[in-house]
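S.K.: Construct all of the structure, not just a fragment, from the sequences and the given hints.
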Amino acid sequence: MPKNDKLFVLIKSMTKSEKRYFRLFADWHGRKRSSKYLALFDALDAQDVYDEEAMRHSLGSALETQHLAELKLYLYNSILKALYLFNLEDSVESRVSMLTRQGEILRRKKLHNQAEQLFAKATRLAMQNDQPYFAFDIYAQRYLQLVLEQNNPDFAEKFERFFDELHHYNAINSNILDYWHLNARMYVAMNKVGQPRSEEDLAHYAAIMNHELMRNPDLALSPIAKRNYYLNHATYNRSINRPAKALEYYREILAMQMGSKRTSNRLSSGIATNLYNICLTCIDARDPDAFARYHRMLLQECEQDPASASYRLRINALSLVPNISISSGDFAAASEGIAQLEEAIRRYKGRMAIGFEVYTHFMGFVTQFGLEHYDRAIDYLNRILDNRRAEAEQKSMYYAARLLLVVTHYELQNFDLLDYLLKSTYKFLSSRGSVFKFELLVTGFFRSILADSDTQRLQKELIKLREALRELHQDHFERPVFEGFDYEAWVTSKLENRSFADVLRQQFNERRQTAAAQA
36 MPKNDKLFVL
46 IKSMTKSEKR
56 YFRLFADWHG
66 RKRSSKYLAL
76 FDALDAQDVY
86 DEEAMRHSLG
96 SALETQHLAE
106 LKLYLYNSIL
116 KALYLFNLED
126 SVESRVSMLT
136 RQGEILRRKK
146 LHNQAEQLFA
156 KATRLAMQND
166 QPYFAFDIYA
176 QRYLQLVLEQ
186 NNPDFAEKFE
196 RFFDELHHYN
206 AINSNILDYW
216 HLNARMYVAM
226 NKVGQPRSEE
236 DLAHYAAIMN
246 HELMRNPDLA
256 LSPIAKRNYY
266 LNHATYNRSI
276 NRPAKALEYY
286 REILAMQMGS
296 KRTSNRLSSG
306 IATNLYNICL
316 TCIDARDPDA
326 FARYHRMLLQ
336 ECEQDPASAS
346 YRLRINALSL
356 VPNISISSGD
366 FAAASEGIAQ
376 LEEAIRRYKG
386 RMAIGFEVYT
396 HFMGFVTQFG
406 LEHYDRAIDY
416 LNRILDNRRA
426 EAEQKSMYYA
436 ARLLLVVTHY
446 ELQNFDLLDY
456 LLKSTYKFLS
466 SRGSVFKFEL
476 LVTGFFRSIL
486 ADSDTQRLQK
496 ELIKLREALR
506 ELHQDHFERP
516 VFEGFDYEAW
526 VTSKLENRSF
536 ADVLRQQFNE
546 RRQTAAAQA
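Numbering-wise, the numbering used here comes out as the position in the sequence shown, counting from 1, plus 35.
The list that follows gives simulated cross-link-like pairs (lysine-lysine, DSS-like), each with its CA atoms no further than 27 angstroms apart:
hint, residue 1, residue 2
1, LYS47, LYS107
2, LYS472, LYS529
3, LYS107, LYS54
4, LYS41, LYS384
5, LYS116, LYS71
6, LYS41, LYS116
7, LYS54, LYS41
8, LYS430, LYS384
9, LYS495, LYS529
10, LYS529, LYS499
11, LYS458, LYS495
12, LYS462, LYS499
13, LYS47, LYS384
14, LYS384, LYS227
15, LYS71, LYS47
16, LYS193, LYS145
17, LYS472, LYS430
18, LYS116, LYS51
19, LYS462, LYS227
20, LYS472, LYS495
21, LYS156, LYS193
22, LYS71, LYS41
23, LYS499, LYS458
24, LYS41, LYS51
25, LYS41, LYS107
26, LYS227, LYS280
27, LYS430, LYS458
28, LYS462, LYS430
29, LYS472, LYS499
30, LYS458, LYS472
31, LYS384, LYS107
32, LYS54, LYS384
33, LYS54, LYS71
34, LYS472, LYS462
35, LYS384, LYS51
36, LYS51, LYS71
Simulated restraints on C-beta separations:
hint, residue 1, residue 2, range
37, ALA486, GLU531, 21 to 27 angstroms
38, GLY479, SER209, 52 to 58 angstroms
39, GLU128, ARG540, 46 to 52 angstroms
40, ASN245, LYS145, 51 to 57 angstroms
Hints listed in this document are in silico derivations from the structure and should not be mistaken for laboratory results. Note that the structure is predicted; figures quoted are calculated from it, not measured. Positions of the beta carbon are idealized from the N, C-alpha and C atoms, including for glycine.
M.R.: Here's what the structure looks like:
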């Protein structure tokens with residue numbers, strides 16, 4: 036999709052209700068031009084992929100008296116105006132802004148009592164929805180009104196009361212800002228580091244979690260601040276592979292959100308996102324019963340409140356099913372889910388984050404590997420390895436794909452190719468500045484069996500590898516490599532002459548029983 040075609044992207048992001056409202060808006064506000072830009076709107080809306088030539092052909096004479104660039108700009112701005120009005124009542128920010136501007140109009144007309152009523156209403160709305168930062172605009176208007184009353188006998192008292200209130204809101208706002216900053220730092224750390232594999236990686240998280248505000252939830256002065264406190268703790272515990280602990284914090288957030296939803300609080304708008312994180316954590320915890328419960332809640336939330344669940348989130352919700360299917364060894368179900376995700380990637384080409392696309396290809400690889408369709412599995416790996424952005428932005432999955440290419444060619448018995456792959460993979464991994472224990476272990480195993488392919492030697496090396504993997508699994512710096520592909524299950528399948536899927540199913544059920552017993 037051309038980078039400059041923001042109009043097409045905007046139209047494709049609109050819901051059916053928003054499109055219906057826009058058409059009414061166009062008739063109300065632009066009768067002279069509505070036929071032209073509505074024709075353009077309909078032409079773009081009918082396309083799945085942007086095609087300017089096809090659009091020009093479908094418009095025909097509508098373009099004769101109006102330059103296309105001018106018409107597109109007019110349509111773009113008209114859509115934004117319509118969306119603002121359509122979402123006015125759904126957005127706290129818009130409602131607070133509208134009340135403030137209305138109060139400003141009344142103040143200028145010297146209707147001070149009426150203005151003060153609207154300012155008070157706007158202030159209450161902002162604070163009830165944990166948005167004190169919006170109150171500063173209101174206070175600026177109230178101050179301008181207050182100075183006009185300086186000759187009143189109670190002016191001094193009102194003046195002091197005004198600033199006491201302002202200082203109170205300022206303290207709350209500053210506290211929210213501090214927690215937002217910590218939350219943003221955690222987000223950056225997750226994207227830069229992911230799951231820690233060194234003391235340096237762990238230091239990124241320690242710098243955040245050792246902050247005074249992260250030690251006690253009572254230091255959070257508002258629900259929004261407390262939500263960020265819980266969110267950072269949940270994210271941190273997920274990053275160091277403590278899913279049960281992470282679930283505790285996500286559930287704290289969910290309880291707050293469900294309570295605020297009954298009062299239309301802004302905090303409730305993130306319910307779908309939080310449920311998605313809970314589902315992922317349930318997969319990490321090998322808890323399919325909890326996953327099923329929260330996944331149903333997520334799908335219901337996406338249906339009931341589409342405004343709080345973007346198309347990206349709804350697609351991410353689809354990705355959860357193949358995710359847990361892979362964990363449980365049900366690769367047939369995973370394959371169906373992957374097909375749906377690939378269709379979504381094609382439909383939203385250029386609009387989905389690179390991480391989602393790479394993650395889908397990685398799940399596609401594991402699924403085809405589990406189905407023993409190794410040629411198809413390699414095709415998925417090549418989609419990752421041929422993507423330059425994946426190497427730069429999704430390093431952990433890119434590195435994993437390099438190593439798994441060796442494993443898959445081993446399954447295909449492409450022994451002539453393996454020696455070259457081992458050398459190139461090790462050289463590539465070394466270029467990072469260091470090779471982790473896990474990578475040394477796996478590459479060492481393949482070098483050993485290539486040097487001597489005797490059956491007894493193979494069994495001995497497989498046993499040695501499995502024991503080393505189990506020991507390595509206790510190292511929290513090495514544990515992240517086991518999340519994408521279960522090497523231990525693969526080795527066990529070789530030793531016991533069983534399918535990879537069968538071993539995964541057994542391990543999943545055992546972990547499920549253990550989790551249930553601990554609960």
